[in-house]
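Peer 1: So you can see what is in the structure, the chains are spelled out below.
There are 2 protein chains.
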Amino acid sequence: MSLLVLKFGGTSVADVDRIRKAASHVKREVDAGHAIAVVVSAMAGHTNQLVALVEQAWGFKERSQNGGEASAHYDGREYDAVVSSGEQVTSGLLALVLQSMGLKARSWQGWQIPLQTDAAHRAARITGVGVDDLKARMLDGEVAVVAGFQGIAPGNRISTLGRGGSDTSAVALAAALSADRCDIYTDVDGVYTTDPRVVPKAHRLARISYEEMLEMASQGAKVLQTRSVELAMQKGVRVLVRSSFDAPDQAGLGEAAGTLVCNEDEIVEQNVVSGIAYARDEAKVTLLKVADKPGVAAQVFGPLAEANINVDMIVQNVSEDGRYTDLTFTVQSADLDRALEVLRKAKDAIGYLDLRGSTDIAKVSAIGVGMRSHAGVAAQMFSALAEKGINIEAISTSEIKISVLIDAAYAELAVRTLHSLFGLDSR
Amino acid sequence: MSLLVLKFGGTSVADVDRIRKAASHVKREVDAGHAIAVVVSAMAGHTNQLVALVEQAWGFKERSQNGGEASAHYDGREYDAVVSSGEQVTSGLLALVLQSMGLKARSWQGWQIPLQTDAAHRAARITGVGVDDLKARMLDGEVAVVAGFQGIAPGNRISTLGRGGSDTSAVALAAALSADRCDIYTDVDGVYTTDPRVVPKAHRLARISYEEMLEMASQGAKVLQTRSVELAMQKGVRVLVRSSFDAPDQAGLGEAAGTLVCNEDEIVEQNVVSGIAYARDEAKVTLLKVADKPGVAAQVFGPLAEANINVDMIVQNVSEDGRYTDLTFTVQSADLDRALEVLRKAKDAIGYLDLRGSTDIAKVSAIGVGMRSHAGVAAQMFSALAEKGINIEAISTSEIKISVLIDAAYAELAVRTLHSLFGLDSR
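For the record, the sequence lines run as chains X and P. The first sequence: position 94 = 94 (my numbering), numbered continuously. Start counting at 1 in the second sequence, then tack on 1000, and there's your number in my numbering.
Source of the hints: derived by calculation from the structure; they are not laboratory data. A hint or two may mislead.
[Said to hold, decoys possible] Quick partial rundown of chain P residues pointing at chain X, CB under 8 Å, derived from the structure: (1) 1019; (2) 1058; (3) 1075; (4) 1081; (5) 1088; (6) 1091; (7) 1093; (8) 1100; (9) 1107.
Even glycine gets a Cβ: it sits at the ideal position worked out from N, Cα and C.
Take these sequences, add in the hints, and give me the full structure.
Peer 2: In structure tokens:
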């Protein structure tokens, strides 16, 4: 008997028919003799409706128009009370469906477990999971159906973990239960070497290390919430990403069914590069002829940080005469207009000749823990792109990742080129 | 400073605009210096949607068609987890709206208070309300926004109080808080001497006793849940029924704004009859030529009770020869077909000549605590109806009520006749 945590996202519980489908996966695992906890999200779209009600109640639009009081000012404790109700509904419904199939099951709200969090409402962090009662019932054959995304904060108030928090709920629960595995059922059947819509030869990875998954996730592969991967890595929870649309009989494959996110040492045959990620949602900002003097970087990036704008890649070219420099960096596309405004206001303080912004860029990354022990990966990558006539505008690297910023028009070509280069095309 | 409990029903919190209207009533009372708890229902229609999801999850329709497993068989604890989410949403939204108006406010779920109930899920009874923390915060100027209808049952599970349970929540909370009054905001502005759609001369009662209100409620005046009135009577909670659609400035009238349900001794000028109620949702069943022998009543009413069919009025006429009797009684119209089926199946056991059912009847009642000290009310009533040519098919009485069963066609005439007879027409 294994102890498994299964997690179903919003599209997998979007209506009662889909909840029934999810329940058939649960039943298969119970029939196989495993002790099961299931974590559920709210029905797809439901959380958005609840958030809209909260903003309407607070008079969000009126307040924004009247100059300033932002959404952040409303009481996160009440936001959490309202928004957490979505998971409460699906947990009860799944318990009922499981019971209708003849299984023992009960729903657990965050406060009932309890899944304790800090007081950072709307984006709380888990501080502890009390699983004694829940685990005893699981081992007694009762399926624990857990409302994801929610917990209980100090003061006995309902908290939520932020968007995508149900993945984190599932991993935290798996860690607390010392579960054998945490199965994330989603609308794709695993993690691919790259986006199959761009590269038809992309293939599903049987296994991927936590570190690689973290890079894949933050580089635009939207399979798992970054936070949940960090937590899984920290706690050593083995996470299986698999499809909730699999036929139940095909799905009885266990770890063969999806992609297992696990420790590096569980991966026997390791490629140098495991995957190619790309992101189009970044924008490039260039400051021309900035005075090349100490403190100028602080004058540029200080105001951006204050405005809560995250800066990703940064490139600085020293000019020929050494007095001026051109400064290029990237931000999220959604933040571009705000970033430009912030920098315009700070023009006198910074001192620059001109300011330019562009969203016609893409970031393409090669990711693999094998890079640690293989030199020359970057050089291979740059020359392959150069052969295709693709100009690299900026570079950033980590121990297991090389990212390049290129013209958006070449994004697909770059991804396909690197996918072939590193031997990832399926045979 | 008074301590008040305000309750808003589903139509009064049907959308955010209406919640804002409800909040303006709350603000008026806070501005007047009172300590306030507000009890809210779910948005109108929301509870029905949630119940439909529960029945779909349980496969209610399929199960009914396949012969038998009734809704009662599904797990009430899961029903309660799902359905209670409606009040969770409105409590959070109202707290946010109040905060947006500059008031201190917070939501309270049943388990947070805690409002303890027994384990009779879906229709639980309140066993205790722990108000120490809640009351301290109220006295400190924070509005307590309480999710109605829900509580916490043994085993730390969410329970609900049955349909209309928010009235009961409000009264129980008022009792536990020793509140000065419990104001029930609803879509009518009080309790009338009779239905104003039938008798335009009907007028709002300034005060009505608990006993009379109980009879009015169970006789078809759907203003307050019977259970909440019983509880108010038992605990001595003064209940004010008033309209949530009043303009806030007109509404600052306190007890002059609606109908106060209170102890008899608080009512100075007491009419003999306070109101005329009528109900059209009963049906008449007649068994012809039943053997007039001991035990026959048990043979008729036993099977009906087993089938959960409530019998209201019962009339038995002994036949001339003393061997047979005709038995007439009333049931809810909705139960008529089932009642007839039960009696058909029991025909051999009971032994009767013929069985008849009819829904063309109405029950009209005169209600008033003054009857206790006034003889002759029944005689007055019967002769007034006779004068109008209205035939009385059955009679039932209590200390403070006389009900007659008549042909449905004469219902309005009977109500108008009795309303005039007992001096209730507004001047």
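Peer 1: For every hint, state whether the structure bears it out.
Peer 2: These are the hints, each one checked on the structure:
For the restraint placing residue 1019(P) at the interface with chain X, the shortest Cβ-Cβ distance is roughly 7 Å, inside the 8 Å limit, so the hint holds. A hinted interface residue such as residue 1058(P) counts as satisfied when its beta carbon comes closer than 8 Å to some beta carbon of chain X; here the least separation is about 5 Å, so the hint holds. For the restraint placing residue 1075(P) at the interface with chain X, the shortest Cβ-Cβ distance is roughly 6 Å, inside the 8 Å limit, so the hint holds. Because the smallest distance between the Cβ of residue 1081(P) and any Cβ of chain X comes to about 4 Å, under 8 Å, the interface hint for this residue holds.
At about 5 Å, the closest approach between the beta carbon of residue 1088(P) and any beta carbon in chain X falls short of 8 Å, and the interface hint on this residue holds. Restraint check, residue 1091(P) versus chain X: the minimum CB separation of about 7 Å is within 8 Å; hint holds. At about 4 Å, the closest approach between the beta carbon of residue 1093(P) and any beta carbon in chain X falls short of 8 Å, and the interface hint on this residue holds. For the restraint placing residue 1100(P) at the interface with chain X, the shortest Cβ-Cβ distance is roughly 5 Å, inside the 8 Å limit, so the hint holds.
The interface hint given for residue 1107(P) is met, as the beta carbon of that residue sits about 5 Å from the closest beta carbon of chain X, less than 8 Å.
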